[in-house]
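> Using the sequences and the accompanying hints, generate a full structural model.
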Amino acid sequence: MGFCLISSVSAMDIDDSASISGSDELSDSSVSLRSDENSVSDSNLNSVESDAGSSNVNSENEVLSTDNTVEDSNLEYDSSIKSSNNLLGASSQSDSDVLQATAKTKTTLKGSSSSIYRGNSYTLTLTDSKGKVLSGQKVSYKVNGKTYTLTTDSKGSTYLQINLKEGKYTMVCSYGGSSAYAASSFSVTLSVLKNPNAFSIKEIEDAATNVKNYVAKNKKLPSTVKVGSKTLKISEFSYLASKAISNLNSNKKGDILLVSGISNRNSSAHSFKSTVYKAQYLDLAKKTISRIETKKAPSTYWSVKDSSGKVIGKANFNLYTFCFAKILDFHKSKNYLPNYCTFDSGDFAPAKKATTLKGSSSTITRGKSYKLTLTDSKGNVLSGQKVSFNINSKTYTLTTDKKGSAYLQINLKEGKYPMVCSYAGSSKYKASKLSVSLTVLKNPNFFTLKEIEDASTNVKNYVEKNKKMPNTVKVGSKTLKISEFSYLSSKAISNLNSNNKGDILLVSGITNRNSSAHSFKATVYKAPYVDLAKKTISRIESKKAPSTYWSVKDTSGKVIGKANFNLYTYSFAKILDFHKSKNYLPNYCTFDSSAFTPAKKATSIKAGSSSIKKGDTYSVTLVDNNGKGLASQKVTFTISGKSYNKTTDSKGVASLKINLNGGTYSVVSSYAGSSTYKSSKLSQSVTVKDSNTFTLGEIEAAATNVKKYVDNNDVLPSTVTVASKKLSISQFSYLMSKAVYNINAGNKNAIALPSSLSSCKSEGDTIDATVYKAQYVDLSKRVLSFAESNKVPPVYAKVYSSSGSSLGNVEFDLYTYSFAKILDFHKSKNALPNYCTFESSVFKGIVVPPVNVSSKIPYNSSQFKAGLNEKNTETNLTKYLVGTGQSAITSSIKNLADQLTKGLKTTDEKAQAIYNYVRDEIDYSYYANSKHGASGTLSAGSGNCVDQASLVVALCRASGIPARYSHAKGCTFSSGLVTGHVWAQILVNGVWYSADATSVRNKLGNIQNWNTNSYSNLNHYAAVPF
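In this text, residue positions in the sequence shown follow this note's numbering: the first is 539, and each later residue adds one.
Hint data in this document are derived by calculation from the structure and do not stem from the laboratory. Since no wrong hints were added, every one of them can be taken at face value.
Under the rule of at most 35 Å between Cα atoms (straight-line distance), these lysine-lysine pairs were calculated in the DSBU-like manner:
| hint | residue 1 | residue 2 |
| --- | --- | --- |
| 1 | Lys-1003 | Lys-1016 |
| 2 | Lys-1118 | Lys-1039 |
| 3 | Lys-1006 | Lys-1073 |
| 4 | Lys-971 | Lys-906 |
| 5 | Lys-1184 | Lys-1144 |
| 6 | Lys-1019 | Lys-1219 |
| 7 | Lys-648 | Lys-693 |
| 8 | Lys-1329 | Lys-1264 |
| 9 | Lys-1440 | Lys-1417 |
| 10 | Lys-980 | Lys-1120 |
| 11 | Lys-1039 | Lys-988 |
| 12 | Lys-1166 | Lys-1006 |
| 13 | Lys-755 | Lys-791 |
| 14 | Lys-1012 | Lys-1138 |
| 15 | Lys-852 | Lys-833 |
| 16 | Lys-971 | Lys-768 |
| 17 | Lys-1336 | Lys-1245 |
| 18 | Lys-1286 | Lys-1329 |
| 19 | Lys-1016 | Lys-1059 |
| 20 | Lys-1216 | Lys-1073 |
| 21 | Lys-1016 | Lys-1216 |
| 22 | Lys-1059 | Lys-1138 |
| 23 | Lys-1100 | Lys-1016 |
| 24 | Lys-1118 | Lys-951 |
| 25 | Lys-1120 | Lys-1006 |
| 26 | Lys-1264 | Lys-1286 |
| 27 | Lys-852 | Lys-816 |
| 28 | Lys-941 | Lys-890 |
| 29 | Lys-932 | Lys-980 |
| 30 | Lys-872 | Lys-833 |
| 31 | Lys-896 | Lys-757 |
| 32 | Lys-1059 | Lys-1019 |
| 33 | Lys-843 | Lys-872 |
| 34 | Lys-791 | Lys-825 |
| 35 | Lys-852 | Lys-941 |
| 36 | Lys-1138 | Lys-1172 |
| 37 | Lys-852 | Lys-968 |
| 38 | Lys-1286 | Lys-1365 |
| 39 | Lys-684 | Lys-740 |
| 40 | Lys-758 | Lys-740 |
In structure tokens:
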């Protein structure tokens, strides 16, 4: 019998009839092998730990090698094993020629046990005479007529998995020795025991039938399954079922060993319905086997494929496990696997989602609410669900709000209470529970009935003595507002009526309310006054303030009068004082408003004008709390240390004529009150103006009128009405310049007009420029200085750019109009503008071009405006002379520029030559933004407005002429098209001229193909950004 080294033997199936090719044929005598270093198991090996462990081997299981020398060269344990390492060459020589054998170290073989569960591994350990383990040595097992050879691992051990049927077997374990170690062996009678984790196909199929029937009845998988005599997890059954299907497909019907340590997994929520054919469900079974053996848990779902390999859906754990059960149930009755199986997630009730209850805290102040929040497994709040609180032997059921929360007010006395919060679940959600040990802390806002009744006695006595309600009341050790006492007393009456004598929690945030002036006297019986108490509770809890009065009814429900706050609160105090002494609520209570001194009505003084002219009348109005004027009442005015008494007229108006000099005065108007009305007072700052003094508001209002007049008529008005006084335009110009200057300085006082100020002419340069704040404020200062020194405004004044360069002499009309625009802006925005546009063209519709325009350029004088033809205001022109971006100066650009300007001496001649070339030689092509740039446009012979402008700019800059881009929106072309547009501007002798080359109708300085009055959002660029 020969030895056979097996590198891989399946340990999955205990199958008496199955076979493995060659000498590995499994029969009643079959075993399978594994070692730690060279596993003989395939990837699907069931690894089962031995229950027997590593017990000591008795003397009959342990055999030491007999000698350190080789005495028998023919020693063998089987016909195929020879100890060649212990044998020297053949002896044809004489005894003297025989070499002496080297001494060998004795070895010991030790087995793990003489009994083993079927499917577990037998451990064999090899050591030397000193007990040192020997690794890398070949040892053999001979059992049931077969020999298996394995190599010891780093611990000197090999492991042989025993898959023999239950019974006793003689097994010889041997080590053939080596050049260094002597051979050793031992024989053991091995008892193979039944493995409780091995299950027959019949047991698995019977369990599958039970699972199938359970799902059909309950629309869900069972959590456990009985297989044979053992109760398994559903995930363990899923493994056995998938393994049985796979084995049956290979005609293996032996017992199946359950791998250890399989845990359950939740099933996914996928829905799926389809016919799954044999090859595909076998694939699912094999994937399930592999997954569980490697991960120790099933997959939550599998993607299911059709016969072509295309994924047709996802079957969750519940569904594929149920289908495995159906397949095995079919095999049980038909004795063959079905050709297909119907997968239908409709066989299961929709899976319920897990829920969680979360409490607010384990500590709470008495009277506060415990918050309980219900969420699903993803943390989404669940609204409209009933949750229960069980505490102090009582259960309270509440419904969660839109935030998934329910609130239970805890009114228990201080101490610790076990509380169980629970959610019973629903058709969609699983139940959940939360247990908490709740510590209830003392709340300073809880008051005993005795404390409230003692306070009631004090309130009753105070009213009877002082004929008014106290502002505050001491309840227990705490001082409360009278409105808070009203709440506690009404709550106490309501509770006592229900025989509830527990402590009362004061709600927070209660504010006082004035009591109405209603008079009332009547006997109010118990039912109606308890109703008043309940209404008071409801009102204060909802509005956080008591009612100023309540309508009171008799026992029949008829309204018999109105009790104000003071009266019903006092009556509540009397009722509780009665209960304190009698220990029951009175049958009735007398409500009588005469217990109080009649309340005075509140008054107020409405302010008059804060600005008056000297000699005019200052007036105020005295009104009651309903806004009604109070006639024939004395009002005292105090101003400049003197007091003046005046009587109100039929409308409550009191007036005082003021002849004080111009200035601002504090005027105090006071009313001392009467038996019916409370006193009141008003303090107001009043500006007294001279006849020629005007407030900032008056000047700004007139400035708005001037701006509108110019915008409509293209000319300044000759006169302006300011606060009902007609002024000349020169006088008003002075007021506006002063107002602009004062506002910038933070001075908003009234402005006095000089006694004599003559009119002036308007002369100056044509201006079209943006003037910034610092420069127009400086202009206002210089205009003021000139007017105050010369008693006449300047005919013109120089205006400057932000860099300090002169923009020209701005004429009277233009700076006056500009001041009007600035003040109109301040009136609406309450701030001075950052800049103001000075444009001479606003007057009379005439635009006068600058004096230095070129006579050789065919400009249009009506197009002298920003973006078209305009005076240059910049000193640094470097950026307009450098080719960059779309206007890069290439050799072709430079060469063409030289050709076009050759022989020309003046800038205007060169500019015209360049412009005319682009206009006449480059065709227009429509597209958005820049596409070719200057050089590309020259090569293409065509371009849109941006690229044509780039070519003009590049040629000019190549010739030393400053040029730039203009860009505006809302340009209306002759065709009716309204769009954004780009054109060039060329600087000639201090003037920028429009150079729109997109139409042969255009000329330098003269655009004809679109309406030059229609554009907006103007921008200038040295380099076009698009």
